[in-house]
Amino acid sequence: MLIRALRDEGVEYVFGYPGGAALHIYDAIFRQQDVQHILVRHEQAATHAADAYSRATGQVGTVLVTSGPGATNAITGIATAYMDSIPMVVISGQVVSERIGEDAFQETDMVGVSRPIVKHSFMVRDAREIPEVVKKAYYIAATGRPGPVVIDVPKDITSPFETFPYEYPEKVKIRSYTPATRGHAGQIKKAVQLLLEAKRPVIYAGGGVVQGNGSELLTELARKLNYPVTNTLMGLGAYPGTDRQFLGMLGMHGTYEANMAMHHADAILAVGARFDDRVTNAVNKFCPNAKIIHIDVDPASISKTVTADIPIVGAVDSVLTDMLALAKESEETPDAAAIKNWWQQIDEWRDNHGIYIAPRYKQADSGKIMPQDVIKTLHEVTKGEAYVTSDVGQHQMFAAQYYLFDKPRRWINSGGLGTMGFGLPAAMGAQMADRDAVVACVTGEGSIQMCIQELSTCTQYNLPIKIICLNNQALGMVKQWQDMQYGSRYSESLYEDSLPDFVKLAEAYGHVGMRVTEKDDLKAKMEECFAIKDRVVFMDIAVDNSEHVYPMQIAGASMRDMWLSKTERT
Amino acid sequence: MRRIISVLMENAPGSLSRVVGLFSQRGYNIESLTVAPTEDETLSRLTLTTIGDDHKIEQITKHLNKLIDVVKLVDLTEGAHIEREVMLIKVKAAGAQRAEIKRCVDIFRGQIVDVTASLYIVQITGTSDKLDAFLHAVGDASILEVVRSGVSGIARGEKVLSL
Numbered sequence: 296m297l298i299r300a301l302r303d304e305g306v307e308y309v310f311g312y313p314g315g316a317a318l319h320i321y322d323a324i325f326r327q328q329d330v331q332h333i334l335v336r337h338e339q340a341a342t343h344a345a346d347a348y349s350r351a352t353g354q355v356g357t358v359l360v361t362s363g364p365g366a367t368n369a370i371t372g373i374a375t376a377y378m379d380s381i382p383m384v385v386i387s388g389q390v391v392s393e394r395i396g397e398d399a400f401q402e403t404d405m406v407g408v409s410r411p412i413v414k415h416s417f418m419v420r421d422a423r424e425i426p427e428v429v430k431k432a433y434y435i436a437a438t439g440r441p442g443p444v445v446i447d448v449p450k451d452i453t454s455p456f457e458t459f460p461y462e463y464p465e466k467v468k469i470r471s472y473t474p475a476t477r478g479h480a481g482q483i484k485k486a487v488q489l490l491l492e493a494k495r496p497v498i499y500a501g502g503g504v505v506q507g508n509g510s511e512l513l514t515e516l517a518r519k520l521n522y523p524v525t526n527t528l529m530g531l532g533a534y535p536g537t538d539r540q541f542l543g544m545l546g547m548h549g550t551y552e553a554n555m556a557m558h559h560a561d562a563i564l565a566v567g568a569r570f571d572d573r574v575t576n577a578v579n580k581f582c583p584n585a586k587i588i589h590i591d592v593d594p595a596s597i598s599k600t601v602t603a604d605i606p607i608v609g610a611v612d613s614v615l616t617d618m619l620a621l622a623k624e625s626e627e628t629p630d631a632a633a634i635k636n637w638w639q640q641i642d643e644w645r646d647n648h649g650i651y652i653a654p655r656y657k658q659a660d661s662g663k664i665m666p667q668d669v670i671k672t673l674h675e676v677t678k679g680e681a682y683v684t685s686d687v688g689q690h691q692m693f694a695a696q697y698y699l700f701d702k703p704r705r706w707i708n709s710g711g712l713g714t715m716g717f718g719l720p721a722a723m724g725a726q727m728a729d730r731d732a733v734v735a736c737v738t739g740e741g742s743i744q745m746c747i748q749e750l751s752t753c754t755q756y757n758l759p760i761k762i763i764c765l766n767n768q769a770l771g772m773v774k775q776w777q778d779m780q781y782g783s784r785y786s787e788s789l790y791e792d793s794l795p796d797f798v799k800l801a802e803a804y805g806h807v808g809m810r811v812t813e814k815d816d817l818k819a820k821m822e823e824c825f826a827i828k829d830r831v832v833f834m835d836i837a838v839d840n841s842e843h844v845y846p847m848q849i850a851g852a853s854m855r856d857m858w859l860s861k862t863e864r865t
Numbered sequence: 017m018r019r020i021i022s023v024l025m026e027n028a029p030g031s032l033s034r035v036v037g038l039f040s041q042r043g044y045n046i047e048s049l050t051v052a053p054t055e056d057e058t059l060s061r062l063t064l065t066t067i068g069d070d071h072k073i074e075q076i077t078k079h080l081n082k083l084i085d086v087v088k089l090v091d092l093t094e095g096a097h098i099e100r101e102v103m104l105i106k107v108k109a110a111g112a113q114r115a116e117i118k119r120c121v122d123i124f125r126g127q128i129v130d131v132t133a134s135l136y137i138v139q140i141t142g143t144s145d146k147l148d149a150f151l152h153a154v155g156d157a158s159i160l161e162v163v164r165s166g167v168s169g170i171a172r173g174e175k176v177l178s179l
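Going down the list, the protein sequences come from chains W and Y.
Be aware that the first sequence starts at 296, since it is given in my numbering, and climbs by one per residue.
Be aware that the second sequence starts at 17, since it is given in my numbering, and climbs by one per residue.
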């Protein structure tokens, strides 16, 4: 009944791992063709893969795990999806109803354990409830501010020996849940007015624009007004990365021009962004002169850390449509002279320290490969069109800075939770979403080992992802902080000589392994890697291990206070 | 500032734990909490008192509203309202104390609901301040046990919190 409900919900793939309490469900999977199950090697990977499938397609990702350890292993992935507002339904098996609470074998209170990191959860108490619970779960996961929903299913509920009449509801109504749709017309009018009067405007777009399918509208609005746009880590691709009006990412490792523009702005249009601490730096010094318009589907995000002058609660696409219409019909136009001056100022910032105008990092004396060059080469070789997943650390920031995404849903990373181990299973999910696409997982030798077992899943399902491992033989970001704040005392951030031979490791799983150590070989090897269409290629690239990510905001200061290199600061 | 937030929510398993969990998860305080089904058995009414500035209270109400099980809520302290709390208190009542306690109960319009040779059980209803004042008047030395219901509240006038 459960699998039938998933089929009727239109679920194509389920990422999961079987176990005792889920065996009735697995037997039902075996006896049908519509819903395809992807067997991962660890439940965490199932959640990340389903999460990335969702990020790539906009559909709800589906996970199936067993009770106890199966459920708890899924927790990291659920938290990852929760922090990044990704729609996902996680079905967990549970011990039989009458054993619940008796510390039965493989029993965990999944609803309780997952409570702080889900949008909602259900425990099914009667098999007759299954169709409605499934419908509600997908509805809640996908609407409003999306998020993960858990359905905990005791084993007896899925017993094949009892049958019930089945009807899948077409629609579902939840009296206590009415997600925001259209924004308030008066507020939208005020916002457009403020924008048109602005002399130093910045559009600050976050993951909500990607998730809310607002990229095209945002791009149209920005182009119409000729205003600069910056994206958050989660928002990359919401505005075309190679466009002249794009300032790059903002925040802790944002570009100089994006952070300077934010600090000096007089009006900020925040769309689907949540003023995260990695963006604002010290909140009390954030954008001192700016009036802030904040569009978000979640009222609780508005004025949470930074007070909005014009709050607009509504779905991003709907609000942007309304704003665009108003901007078009308005007799007022932006102050052309002021906007011209503003662009001159921005261009001056770009000329001085912009990372897209010229390389702002030195080549290593040792002749080692620079990590930034790896990402630039990746961009060149994949023509900027790949799905890029990443793990967490320096490589993630280099990818965010240097792989300029022109389309939404191509950049898939764990922004909010910062989950190491996300990249490889996420690449699997993205490849499942688009079997013909080029999918690259940018990772480090630290992160990749957190879900390395998934190389086996790639073999089973023939997922030809490309792993671009920036190997600096250390936990790079930890080491960078230890350099900057702890007198270079590398507490537990070095692997010394304990790393595996990744080439052999890849080969052991039946994949292609490549090692690159010479700068001059990088491009040729990368081309060779992406020329192999039907195999996983693991590129182990030795990069300069002393490099830091810059710019880097100075903690406790304003957005404009940044380290620009190891020795240079604003 | 002390606030009384009244929440109408689905009378479903797990609803209460989600509300309570929200407070611990986001570091908000709960001073008191009371919950029971309403005249519509599918709904529970939960009343909680908390302390926080306007910004914090706004966040609390927004996050409560976000919970799927929460149907409606109101911050009663925003308008005129009636609040009541019930207290049962076991006090020593022997010798001269006996009459003194009885007088005190009368002054506070309480009731003595159980009597033994050496103690009374007193029931007092009113605002939390009144209950505090009674405890103060009786004095720590006489008090054996105190149990308070937590605050319940309702808005004055035409305003109704219902579906």
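Worth flagging that the hints you see were computed from the coordinates, not collected in a lab.
Just so you know, not all the hints are guaranteed correct.
Unchecked claim - Heads up, incomplete: computed chain W residues facing chain Y, CB under 7 Å, no partners named: (1) His415; (2) Phe459; (3) Ser471.
To be verified - Okay, derived cross-link-like pairs now, DSBU-like style, lysine-lysine, Cα gap no bigger than 30 Å in a straight line: (4) Y:Lys78 to W:Lys580; (5) Y:Lys72 to W:Lys580; (6) Y:Lys175 to W:Lys599; (7) W:Lys657 to W:Lys494; (8) Y:Lys78 to W:Lys485; (9) Y:Lys88 to W:Lys468; (10) W:Lys623 to W:Lys586; (11) W:Lys799 to W:Lys828; (12) W:Lys599 to Y:Lys82; (13) W:Lys494 to W:Lys599; (14) Y:Lys106 to Y:Lys82.
Note that this is a predicted model, so its numbers are computed, not measured.
From the three backbone atoms N, C-alpha and C, an ideal C-beta is built for every residue, glycine too.
Quick rundown of the hints versus the structure:
1. His415: holds, 4 Å
2. Phe459: violated, 21 Å
3. Ser471: Interface hint status for Ser471 (chain W): holds (4 Å vs cutoff 7 Å).
4. Y:Lys78 to W:Lys580: holds, 25 Å
5. Y:Lys72 to W:Lys580: holds, 20 Å
6. Y:Lys175 to W:Lys599: Judged against 30 Å, a Cα distance of about 29 Å means the pair holds.
7. W:Lys657 to W:Lys494: Given pair Lys657 (chain W), Lys494 (chain W) is violated - Cα atoms ~36 Å apart, limit 30 Å.
8. Y:Lys78 to W:Lys485: holds, 23 Å
9. Y:Lys88 to W:Lys468: With Cα atoms ~16 Å apart, Lys88 (chain Y) and Lys468 (chain W) stay inside 30 Å; holds.
10. W:Lys623 to W:Lys586: holds, 22 Å
11. W:Lys799 to W:Lys828: holds, 20 Å
12. W:Lys599 to Y:Lys82: holds, 14 Å
13. W:Lys494 to W:Lys599: holds, 26 Å
14. Y:Lys106 to Y:Lys82: The given pair, whose Cα atoms are some 41 Å apart, is violated under the 30 Å limit.
Hint compliance for this structure: hints 2, 7, 14 are broken, all remaining hints hold.
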